[in-house]
Structures are given as C-alpha cells and as structure tokens.
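*Asks:* Residues per chain are reported as follows:
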Amino acid sequence: MLDADFFRRWMTATAASVEREAQRLTALDSPIGDADHGSNLQRGFIAVVNVLEKDAPDTPGAVLQLAGRQLISTVGGASGPLYGTLLRRTGKALGDASEVSGEQFTDALRAGVDAVMALGGAAPGDKTMIDALVPAVDALSDSFTAAAAAAEEGAAATIPLQARKGRASYLGERSIGHQDPGATSSSLLIGALVEASGE
Amino acid sequence: MKMLINVAETVVADALRGMAAAHPDLTVDVENRVIVRRDAPLAGKVGLVSGGGSGHEPLHGGFVGPGMLSAACPGEVFTSPVPDQMLRAAAAVNSGAGVLFIVKNYTGDVLNFDMAAELAEDEGIQIAKVLVNDDVAVTDSLYTAGRRGTGATLFVEKIAGAAAEEGAPLERVESLARQVNENSRSFGVALSACTTPAKGSPTFDLPPGELELGVGIHGEPGRERRAMMTSREIADFSVHAILEDMNPRNPVLLLVNGMGATPLLELYGFSAEVQRVLGERGIPVARTLVGNYVTSLDMAGASVTLCQVDEELLRLWDAPVKTPGLRWGV
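Chains as they are written, first to last, in the numbering used here: chain A, 518 to 716; chain B, 130 to 459.
The set of hints was computed from the structure by calculation and includes no laboratory data. Careful: at least some of the hints might be erroneous.
Per the computed footprint, the stretches of chain B lying under chain A, defined by three or more beta-carbons under 8 angstroms from a beta-carbon of chain A, are [stated by the list, open to error]:
#, stretch
1, 326-336
2, 360-368
From the structure, some residues in chain B lie toward chain A, with a derived Cβ separation under 8 angstroms [to be verified]:
#, residue
3, P210
4, V211
5, G237
6, L240
7, M244
8, V267
9, Y272
10, A274
11, G345
12, E349
13, P350
14, E353
Some chain B residues close to chain A (C-beta under 7 angstroms, calculated; not the full set) [said to hold, decoys possible]:
#, residue
15, D213
16, N234
17, T236
18, N241
19, H347
Ideal placement from N, C-alpha and C gives every residue a C-beta, glycine not left out.
Model the full assembly from the supplied sequences, consistent with the hints where possible.
*Replies:* In structure tokens form, the structure reads like this:
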C-alpha cells in the first residue's frame, strides 16, 4: 500500500531529478521550443517541495492536489496547467483514503493522463508528454521500474515524430529528429516513482 | 553574450521596479507581477486585462492606462503568466461591469487564461475572452497549435480599450475586439535570433548572411530561410504573404513593428517600402505606426500588421490614449 509519505517522497525525488536534468530539458527545448522548460519546471517543483514541507497533508490525494495547485501557480507556460492538472486530477481520483493500492494509483494516474489529453487536446503520436505518460500508465501494473522504462522509451520514440501541438508544431517537418522536452520531463516524473519506492 | 542585467532570475522583477518608479500613473505590484492603472476600478467601466511572457516590451505592461488596458500580467521571459496573476488583475479592475481577457494564441497563454477565467467566474466576476491569432506565417490546421498572436494585439488592445473608456458594455467591447482580430493579419521577419537571459545564447541559429521569413515573436521559425534580402524585397514578400490571406476593401491601419534590435532609421525605410507596395496594390493606408511595440528581446527584424478599418474602428483608434508605450490626444 502507498501512503501520503510515499507521495511526498515522489514529489521530492521528482524535484531532485528535474534539478539534475534542468539544463538538458532546456537544451531539448531550445531547437523546437523556447528554451525554458528546465528552468520553469525547476521553479515549480522547488515550490512544491517547499509547500509540502510547510503543509503536510495526510492523504495521498491531498498531497497530489496540493502539489498540482502549486505547479499551476508557479510554472506558467503550457507546462504549469498541464502538469498541474495531471497531479490534481490524479489526486482527486485517489479520494481521501489514507493509503491506496498500486491498482488504485494506476487507475488514478490514468484519470490524470486523460485529463491532460482533454485539456491540451493532444493524442498519442503528437510528440508531447502524452507519448511518455500513456505507455507508463500501461506498464504501471507490472512495476514502477517497468513504468519508468516505458516512459523513457516513449520519450525517445518522440524523436522521429512531427509535432502537432504546442510551439514545436510551428516547425512542421523541422520538428522531426528532436526528442520532445515535455515527454522527457514526464519520464523524469515517472522515473522518480522508482526512487520513492526503493524498488 | 553581454546583457544589462544582474542575474537572469530577477530580470522581470527588476524591470517592474523600474516601471513603478518611472510611471506613477500605474500601480505596479512587483511581488505578484500585476500592473494596474492607478485609478482602477472605474465605476461602470469594463476592465481590460492582457498578459503574456515578458520580453515583448512595451507589450503588455506598457499599454496599461487610460484608453487602453486596465491591467497587465507579465510572465517570466517568453513564458505565459500564471492564473493567480490574471485573477488578481481581474479583481483589481472589476467594477461589476465585467472584464475582457485579451489572449494571444499560444498554448500556455490560452490554458492559463482559461483557468483564470474559471476562477474569476467562481468569484462572481463576469469574464469574456478574445483570442488574437493574426500571424499568416503559420498554417492554421489540425496539425498545428493554430495561428500565433502577434502585432494585432496592439490594435485589439487600443480599439477595445477606447470603447471601454467610452463606457461600452462588455458584450460590445468583446465584439469590437473580435472584429479587430478578424480584420488583422501579420507577417514577421528575423535578421538575427534573440537571446533569453536564462539561456544566455541565441535561441536559434541564423547564419549572418541569411534571414528567417515568417518568424514568430519568440524566435519560432517561419516559412523559410533565405539569403539576406533588401528592405524593398522584404517589404514585397511580407505584404504579399499578408495579402494572400486578406483582401482589404477598406483603408487599413499599418503597424511597422521592430523586433527590438532594429533602429528606427531602418524601420522608417522599411515602412516606406511597405507603403509603396500597398500603394501599388491600391490599398489606402489610414494611419501608420512605426516603432518597437511587440518586440522579441534583442532580435533584429520587423513585422508588418494590417488591420482593415471602418469609420467606427478608425474613430476608436484615434481616441485619446495615455500609456507608457502609446500616447496621443491627451
């Protein structure tokens, strides 16, 4: 079973991972976006860690909803509402249970990913964060490690795709050959589950 | 790259402190990043709120004041502001007559303003939204995020602002804003890439002997890259790109906008060439504005925006305006 502490560790591990990879995210965002993905997410997850230290919600759902609200309030750009919605809706779907099963978490994360697709209008294959998140959710019932590997593969699989959403879509064919920064940061988020669980 | 800054993290806050000191007619909330005209809210007046990433100055904070915006929310450099800023701005300017959000068509701006509109409506503030999407360089299809909002934002903010100043109700201000957007088209050209403070190096690679035709205001690539052209050739290309998409039967407002690093000497020369092409095509120019209004940090280059106007839109364009970036008739 997963408790509130697990979800706090997940957010802390994500913040550390984003911090380590911020320059790489910004470098990926430079040729097809506007070179700020790393610094924006870094600002957001620092704020998430700070608010979770001050205010320690005692259910998994409340931890993720608070984290999501904090991202919306601090990140800006498209990443703020998209990542904020992902965590908020996942948290909402977890309800107010004090512990959740792996299966409940999988269902909740799927609800969160669906909400992101509805908000941004992106589908798999559009070269967005969805390309990492959908395979991750599909693999989550096996293990966190499997989900992390699936997310990483999904992010790498965006390289040959042509972007259809967001700023990279303006490049048309010139977006081909670059790994999507949003899919990459999503694979960091999923990868942090492994650290949080000690798998 | 040399920049007149302290550190990248405080660039926006430092600029806002400077704005506050230079423009006592504005209330500048540096911490929460909201710029409001000092006399807001005005009884019975519709509030106009716009915002977007910083780096496009004077857009949008420089267009706050009588006859134009009621408030503006600057985000980080090239990053949209967050819903909290827009909500704060809407609350500060709402007199009960409602608030119009003027949103440029970028995924981040659209999502954050949508969230802010929901939050504001929860607080009992009536919100209307207009999306600015005037850039003909972008293919508007299912496979792109749609046309970008660029120079027409200035026309929308000025004309809707004049109507609101006269006391027009929200519905009327919104429909005028929409009408201005529908009648406006833009095309931009970059002679050099811009450099964001956070990255410290040019955001794209443009060799010295080439230019990017159809560039966006964040350095997004355009239609094609060519060997450097003359001002005359660039004017022909830009105006023709716009006229492929619109066929003005009325006079137009003309904005010849600098991207930030092109001197007025060049912009006026380019404006003359744009006027020449329009003349050859039989399109009368009612008013011309030349200068740096919707910029992209230190990018060299220019954009052309045309807005087809009737008598009413022209009258509202000519109405008095008193802001840091645009000022006449007062």
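*Asks:* State for each hint whether it applies.
*Replies:* Structure-based check of each hint:
Check on the stretch 326-336 of chain B: 4 of its residues sit with their Cβ under 8 angstroms from a Cβ of chain A, so the three-residue criterion for coverage holds. Note: the stretch 360-368 of chain B has 0 residues with beta-carbon separation from chain A under 8 angstroms; the three-residue rule is not met and the coverage is violated. For P210(B), the suggested interface contact is upheld, since its CB lies about 6 angstroms from the closest CB of chain A, less than 8 angstroms. With its C-beta approaching chain A no nearer than about 5 angstroms, V211(B) sits inside the 8 angstroms limit, and its interface hint holds.
About 4 angstroms separates the beta-carbon of G237(B) from the nearest beta-carbon of chain A, less than 8 angstroms, and the hint is met. The criterion of a C-beta within 8 angstroms of any C-beta in chain A is met by L240(B), whose closest approach is roughly 4 angstroms, and the hint holds. About 6 angstroms separates the beta-carbon of M244(B) from the nearest beta-carbon of chain A, less than 8 angstroms, and the hint is met. At a threshold of 8 angstroms, the smallest CB-CB gap from V267(B) to chain A is about 6 angstroms, leaving the interface hint in force.
Checking Y272(B) against chain A by beta carbon gives a least distance of about 5 angstroms; that is within 8 angstroms, so the hint holds. Interface restraint check: A274(B) against chain A, minimum CB-CB distance 5 angstroms, threshold 8 angstroms, status holds. Annotation: G345(B) was flagged as interfacial toward chain A, and the flag holds, the nearest CB pair being 6 angstroms apart, inside 8 angstroms. Annotation: E349(B) was flagged as interfacial toward chain A, and the flag holds, the nearest CB pair being 5 angstroms apart, inside 8 angstroms.
This hint holds: P350(B) has a C-beta 6 angstroms from the nearest C-beta of chain A, less than the 8 angstroms allowed. Checking E353(B) against chain A: minimum C-beta separation of about 11 angstroms lies over 8 angstroms; hint violated. Taking 7 angstroms as the C-beta contact cut-off toward chain A, the hint placing D213(B) at the interface holds, the least distance being around 5 angstroms. The beta carbon of N234(B) is not positioned within 7 angstroms of any beta carbon in chain A (closest approach about 11 angstroms), and the interface hint is therefore violated.
Taken as an interface hint, T236(B) checks out: its beta carbon lies about 4 angstroms from the nearest beta carbon of chain A, inside 7 angstroms. Among the interface hints, the one on N241(B) holds; its C-beta lies about 6 angstroms from the nearest C-beta in chain A, closer than the 7 angstroms criterion. The restraint placing H347(B) at the interface with chain A holds, with a minimum CB-CB distance near 5 angstroms, inside the 7 angstroms limit.
Violated hints, listed in ascending order, are 2, 14, 16; each of the other numbered hints is respected by the structure.
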